[in-house]
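Q: Chain by chain, the residues run as shown.
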Amino acid sequence: MKILIRQGRVVDPANGIDEVRDVLVDNGVVADSGRQITKDADTVIDAAGKIVIPGIIDMHVHLREPGREDKETVATGTRAALAGGVTTVLAMPNTDPAMDGVENVRRLSDIVGKTAVARVLVSGAMTLGRAGREPVAAKDLKRAGVVALTDDGSSVDDPEVMKAVLQAAKEAKLLVICHCEDRGISGRGVVNLGYMSTRLGLQGIPRQAEVKRVERDIELAGMTGCPIHIAHVSCRESVDLIWRAKEKGMRITAETAPHYFSLTEEALADYDTNFKINPPLRTAEDVAAMRGGLKDGTIDCIASDHAPHTENEKEIEFDRAEFGVVGLETELAVAITELIEKHVLGWPQVVERLCVGPARVLGYGRGHLKAGAPADIAVVDPAAAWEVTKNGFVSKSRNSAFLGRTLKGRVTHTILDGEVVFARQ
Amino acid sequence: MKTKSVWTRKDLLGLEPLTREELELLLATAESFKEVIGRTVKKVPALRGKTIVNLFYEPSTRTRVSFEIAAKRLSADVINIATESSSVRKGETLIDTGRNIEALKVDLIVVRHNCSGAAAMLARHLRASVINAGDGWHEHPTQALLDMFTLKEKLGRLEGIRVSIVGDIAHSRVARSNIWGLTKMGAHVTVCAPPLLVPPGIERMGVHVTSSIEEALDGADAINVLRMQFERDTGEAFPKQLEYFKTYGITVERLKKAKENLLVMHPGPINRGIEMASDVADGVNSVILEQVTNGIAVRMAVLFLVAQANEPEKKSEKKNGTKR
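Residue numbers (this note's numbering), protein chains in the order written: chain A, 1 to 425; chain B, 426 to 749.
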């Protein structure tokens, strides 16, 4: 099966390429790329006026299986991924049961093997039952195939336990992904603490809940020498802390999500629970800091924190609604609309954050289009404007923070291991 | 009625979205209803044939009774639903409960709920009118309207008057509604509370903030003293009762330094000896019981205007809002 993608603007920052080219895919890999390729192909994709990028690697995705198949499954979540140009996801382990042991990981890997249509990397929990008390058997989990450990959704409060987790992860050569939230500070808060929480009469989450925990986890990473990755950064001060740690040469990486570089707490004015997210939407200053961090590389990755929930869990009183939004199908378009169109980042930088950064953080050999590399590719029409609607989602859930918004840029084709796995009608 | 404005809102969810003209219309309408409730036959046929449901998810006696009396004075049929007696305990969602009430051909739902934003959510999903009778810490618009009505009745105006709101501002929907309403009407509002109970950014709502009760009283035309709820369980730090009374309690002694004709208000129920001394609550400055009476007139005005606005066939012919 040969696919020739013709005359698209190929943006492949890992190889320093940003020019109009042809890309030839053969036998699952990138066979050739150049100004003009005259070879025959089974499929020709006319990419004139389009952008050709490596498939997106989204390192923060809740597929909800096993346990909450009413929200999402491996099958529906990976289909949603492909529609968004995402070819690899890192599945978060806060499933039911949690991915805290070899048996559970094998069970998930089995489901992935049978039903996934995109590549799924699996992460393991840091503690048994994600309870924050007993570290998992890191080496066993590594052997079972997990690529990272995280208790995402909560943080390990006990610093001794966290230290033990980091030590074990280091020995097992596993990345630790930190959900930084001190629940002693965030308490029962539901939105950012500030003018909006005051105006809406909702309990606020102080920014210190994140910042203090980022500070602590960086410190523990320093003590143990275990590399850590800070998930869903939302506060300006966190960016500063990460920048300083990187300056010191520490192996700290970080991600932020599209909603944190594009939305503020002002979006909450109508109590729309699709803006109820943890960490919460913050202020314009924080949005600017996320953009700055993405620009200067303090923030390595954009990850969606795709968190599907049913309407029953969202169309209820604000205090009672679940936290989180879906993101796989909108992350690229939000990046184009909010970063490229607004001249915050150029295409190479956006591809760096969506593809190259996550591949580097995860030690994963994709995210680029060098000859011989697995052909994971997304073809994007950068000019296509589309409205985000409930009925437009491939995901099982529709709890998007961008419903009703018109976004710029849409994936037309997604190629995984050399096969066209998604083509927009 | 001098004002030319017409009420077009299906719901009353808060005072924040209202214009000054809308507030004036509400207060003027309440004024004409106050005359009605002073008559020997205290009833007008304005809402005859309308059905109003009081849907209360929080215990409340005075607000519910006030709404009930207001509805009856307008000749509407009233049904009260309290959480104890309904299917909400069986896990029915607020929206489903609202839709079921609407399916019973109810015209207007008065809702009290412990979650901020609950009334707004209900209003979004229903064609029936929704009146917010208090949602969480967010707003309690009819309480603020009756406070404003009382102030205007006593002082002759709202523009330029000085009102201090004292107490747990952070958790008070009464405070928020009063702040929006009074500042829109041109009053100067000061909020006074222990620093822990001042929510962040409150000054952006157009108020002056102080932690000194002396400063709050100095030069004020009125003080609105909030009920201190020491039974709250939010996991947050909270001052001790006696300590609070010593520092912020309204006493005859403290009133000596205030304007002689200072109006003392309270949304009730009063914690005597905690936020206010008994002799102040019952003293010459107190207008607390008049507030309660005015609550009926204000709620009649709200029910009347909202019901009129939600009547599609009348929308076009009705130009002058308040003819009865």
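Some hints here could point you the wrong way.
Chain B residues, not near chain A, derived (Cβ > 12 Å throughout) [as the list claims (entries may be wrong)]: (1) A471; (2) R487; (3) I520; (4) R587; (5) E640; (6) N696; (7) G698.
Derived Cβ-Cβ restraints for the label pairs, each shown as a range [claimed, not checked]: (8) B:P625 - A:G184: 16 to 22 Å; (9) B:R464 - A:D70: 55 to 61 Å; (10) A:M223 - B:G631: 55 to 61 Å; (11) A:F323 - B:N525: 26 to 32 Å; (12) A:D70 - B:E578: 52 to 58 Å; (13) A:G184 - B:D643: 36 to 42 Å; (14) B:H633 - A:T406: 40 to 46 Å; (15) A:D140 - B:E668: 37 to 43 Å; (16) B:R582 - A:G346: 21 to 27 Å; (17) B:R552 - A:G28: 44 to 50 Å; (18) A:G346 - B:K665: 45 to 51 Å; (19) A:D240 - B:E685: 38 to 44 Å.
Bear in mind the hints are in silico, worked out from the structure with no lab data behind them. The beta carbon of each residue, even a glycine, is placed where N, CA and C say it ideally should be.
Q: All hints are to be evaluated individually against the structure, with a verdict given for each.
A: Right, here's what the structure says about each hint:
At the 12 Å boundary, the C-beta of A471 (chain B) stays outside the reach of chain A, the nearest C-beta of that chain being 31 Å off. At roughly 21 Å from the closest C-beta of chain A, the C-beta of R487 (chain B) stays outside 12 Å, upholding its exclusion from the interface. At roughly 6 Å from the closest C-beta of chain A, the C-beta of I520 (chain B) falls inside 12 Å, breaking its exclusion from the interface. At roughly 22 Å from the closest C-beta of chain A, the C-beta of R587 (chain B) stays outside 12 Å, upholding its exclusion from the interface.
Remark: the non-interface label on E640 (chain B) is consistent with the geometry, its nearest Cβ contact in chain A lying 21 Å away (cut-off 12 Å). Here N696 (chain B) stays apart from chain A, with its beta-carbon at least about 21 Å from theirs, past the 12 Å limit. Distance to chain A confirms G698 (chain B) as a non-interface residue, since its nearest Cβ pair spans about 28 Å, more than 12 Å. Distance hint check: the CB atoms of P625 (chain B) and G184 (chain A) are about 19 Å apart, consistent with the given range 16 to 22 Å.
Between R464 (chain B) and D70 (chain A), the C-beta spacing of about 59 Å keeps the proposed range 55 to 61 Å intact. The hint said 55 to 61 Å for the Cβ distance between M223 (chain A) and G631 (chain B), and at roughly 49 Å that hint is violated. Distance hint check for F323 (chain A) and N525 (chain B): the Cβ-Cβ separation is about 28 Å, which falls inside the suggested range of 26 to 32 Å. One distance hint, 52 to 58 Å for the beta-carbon pair D70 (chain A) and E578 (chain B), holds here, with the actual separation near 56 Å.
Checked against the hint of 36 to 42 Å, the C-beta distance between G184 (chain A) and D643 (chain B) comes to roughly 39 Å, which is consistent with it. Distance hint for H633 (chain B) and T406 (chain A): a CB-CB separation of about 42 Å, consistent with the stated range 40 to 46 Å. Between D140 (chain A) and E668 (chain B) the CB atoms are about 56 Å apart, so this pair departs from the stated range of 37 to 43 Å. The hint said 21 to 27 Å for the Cβ distance between R582 (chain B) and G346 (chain A), and at roughly 59 Å that hint is violated.
In this structure, R552 (chain B) and G28 (chain A) break the distance hint of 44 to 50 Å, their C-beta atoms being roughly 57 Å apart. Distance hint check: the CB atoms of G346 (chain A) and K665 (chain B) are about 59 Å apart, inconsistent with the given range 45 to 51 Å. Distance hint check: the CB atoms of D240 (chain A) and E685 (chain B) are about 55 Å apart, inconsistent with the given range 38 to 44 Å.
Taken one by one, the earlier hints fail for this structure at numbers 3, 10, 15, 16, 17, 18 and 19, listed in ascending order.
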